[in-house]
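J.: Input sequences plus hints: build the corresponding full structure.
Protein chains in written order, with this note's numbering: chain A, 1 to 198; chain B, 199 to 431.
No lab work stands behind these hints, which were simulated from the structure alone. Glycine included, C-beta positions come from ideal geometry on N, C-alpha and C. Treat each hint with caution, since some may be false.
What the hints assert, rightly or not - Computed far set for chain B versus chain A, every beta-carbon distance over 10 Å: (1) L271; (2) D278; (3) I371.
Said to hold, decoys possible - The calculated label-pair distances, taken between Cβ atoms and stated as ranges, are: (4) M164(A) x G319(B): 46 to 54 Å; (5) G410(B) x P193(A): 32 to 40 Å; (6) Q192(A) x T388(B): 19 to 27 Å.
As the list claims (entries may be wrong) - 25 Å max Cα-Cα, derived DSS-like pairs, lysine-lysine: (7) K190(A) x K123(A); (8) K29(A) x K429(B); (9) K289(B) x K276(B); (10) K289(B) x K308(B); (11) K430(B) x K289(B); (12) K430(B) x K29(A).
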Amino acid sequence: MHISEGILSGPVLFSGAALAAAGTAVGLKQLDYDRIARTGILSAAFFVASLIHVPLGPTSVHLILNGIVGLLLGWCAFPAILIALLLQALFFQFGGLTTLGINTIVMALPAVICYYLFSPFIKNNNVTTIIAAYACGFLCVFFSAVIMGGALIFTEENFMEISMLVIISNLPVMIIEGFITTFCILFLKKVQPSLITK
Amino acid sequence: MKNLFKIKSNYFIRFSFIIIVLLFVFSADFAFAHRVVVFAWLEGDTVFTESQFPDGRKIADGQVNVFDMEKNLLLEGKTDQNGEFSFKIPKITALNIILDAGMGHQGQWKLSEDEIRSSMGISGREPDSEKPEVRPNSSKASPAVPSGSLIPENAIQDQKTAVQLNEAQLDQIVEKAVEKALEKKLQPVTRMLAQTLARMQNSGPTVNDIFGGIGYILGLMGVGAYFLSRKKS
Numbered sequence: 001m002h003i004s005e006g007i008l009s010g011p012v013l014f015s016g017a018a019l020a021a022a023g024t025a026v027g028l029k030q031l032d033y034d035r036i037a038r039t040g041i042l043s044a045a046f047f048v049a050s051l052i053h054v055p056l057g058p059t060s061v062h063l064i065l066n067g068i069v070g071l072l073l074g075w076c077a078f079p080a081i082l083i084a085l086l087l088q089a090l091f092f093q094f095g096g097l098t099t100l101g102i103n104t105i106v107m108a109l110p111a112v113i114c115y116y117l118f119s120p121f122i123k124n125n126n127v128t129t130i131i132a133a134y135a136c137g138f139l140c141v142f143f144s145a146v147i148m149g150g151a152l153i154f155t156e157e158n159f160m161e162i163s164m165l166v167i168i169s170n171l172p173v174m175i176i177e178g179f180i181t182t183f184c185i186l187f188l189k190k191v192q193p194s195l196i197t198k
Numbered sequence: 199m200k201n202l203f204k205i206k207s208n209y210f211i212r213f214s215f216i217i218i219v220l221l222f223v224f225s226a227d228f229a230f231a232h233r234v235v236v237f238a239w240l241e242g243d244t245v246f247t248e249s250q251f252p253d254g255r256k257i258a259d260g261q262v263n264v265f266d267m268e269k270n271l272l273l274e275g276k277t278d279q280n281g282e283f284s285f286k287i288p289k290i291t292a293l294n295i296i297l298d299a300g301m302g303h304q305g306q307w308k309l310s311e312d313e314i315r316s317s318m319g320i321s322g323r324e325p326d327s328e329k330p331e332v333r334p335n336s337s338k339a340s341p342a343v344p345s346g347s348l349i350p351e352n353a354i355q356d357q358k359t360a361v362q363l364n365e366a367q368l369d370q371i372v373e374k375a376v377e378k379a380l381e382k383k384l385q386p387v388t389r390m391l392a393q394t395l396a397r398m399q400n401s402g403p404t405v406n407d408i409f410g411g412i413g414y415i416l417g418l419m420g421v422g423a424y425f426l427s428r429k430k431s
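T.: Here you go:
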């Protein structure tokens, strides 16, 4: 999911950075005492998640976890993901510094969208929660793939083709993320319900 | 109600376990990576490149573009099933080899002009190989200078130059033969060295990196909390 440096053109990088800055500003405004600890912890989780490779036949996929980050943080997902991506770029050379803005948009914007779409249903009974949490984890990666296809449209000619390729190749990640999001939400609901209801 | 939930979650866990196992078994051959790596090494006048994902899987059918330092495209090609692509050095200049694996993945490797020159044997070697030819000429010219009084000595000198000439030629022949043999013998070694180098560069993040990153995040969290507390007071 990380776009490397030197692929996208200047305008795409610039608009990505501008949008990411705006989202981060909104997120930082909402950061209060309660949220700051949660944001830090989920940022760390997101930072590490990309390192967890799930072996899948001849290759492996890595987790993204932006669904659960969005569900628990809302707009604060922007600063959380921005910081984690910055550190990933510096330490692991995933993505890059110039693509930091667009990568943040690719992963944080779906998180916020999913927050608005699914957070109302998480507080309901268990069946609705399970479905909503699964859909959240699944669709968050799906939206990320779509945005990524949109960002690559300016370098790769065929939008439909590249989008389909990104979506299909990330399909296993979507399925796994759906399960992980569901497990996490169910677990938190039992152990620490205040995290979700707030 | 509680029991019902327990039963349901049990089902759920079993169901998801089965799905995950199925995924492992019937997984498709897709490429996932955060980054891709291309590395190149020189053997004579040929550049060999190999492209792979961080987990060591080779990139088949990746687009390789070779640029010079002025960003002019010199040549392009595709990697084969083993992620390899080789080409003759198109121009004696520093080369920038860029691999485009699609879907936003790109890697690059640079070869400096010095590396290319030394691999092609352009710098240093040419004047060296000319020297032995110059030496016998000059020594042949020198016997003409001394007076003709000491003929036997002159003859000995002539013989000496003949031996010298042979030695020089022999040197050249031996040098060439050794060079050829060495190149052949060293080829696997250079390849191994290049691969090891690439693997070192390619190695995943270390534990230090991971905990360092987490430490940074917690530190930033602390900074944020500090400023929030100052605002409140």
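J.: Now tell me if each hint is right for this structure.
T.: Results of checking the hints against the structure:
no.	hint	in the structure
1	L271	holds (14 Å)
2	D278	holds (17 Å)
3	I371	holds (49 Å)
4	M164(A) x G319(B): 46 to 54 Å	holds (50 Å)
5	G410(B) x P193(A): 32 to 40 Å	holds (34 Å)
6	Q192(A) x T388(B): 19 to 27 Å	violated (57 Å)
7	K190(A) x K123(A)	holds (12 Å)
8	K29(A) x K429(B)	holds (13 Å)
9	K289(B) x K276(B)	holds (20 Å)
10	K289(B) x K308(B)	holds (14 Å)
11	K430(B) x K289(B)	violated (66 Å)
12	K430(B) x K29(A)	holds (14 Å)
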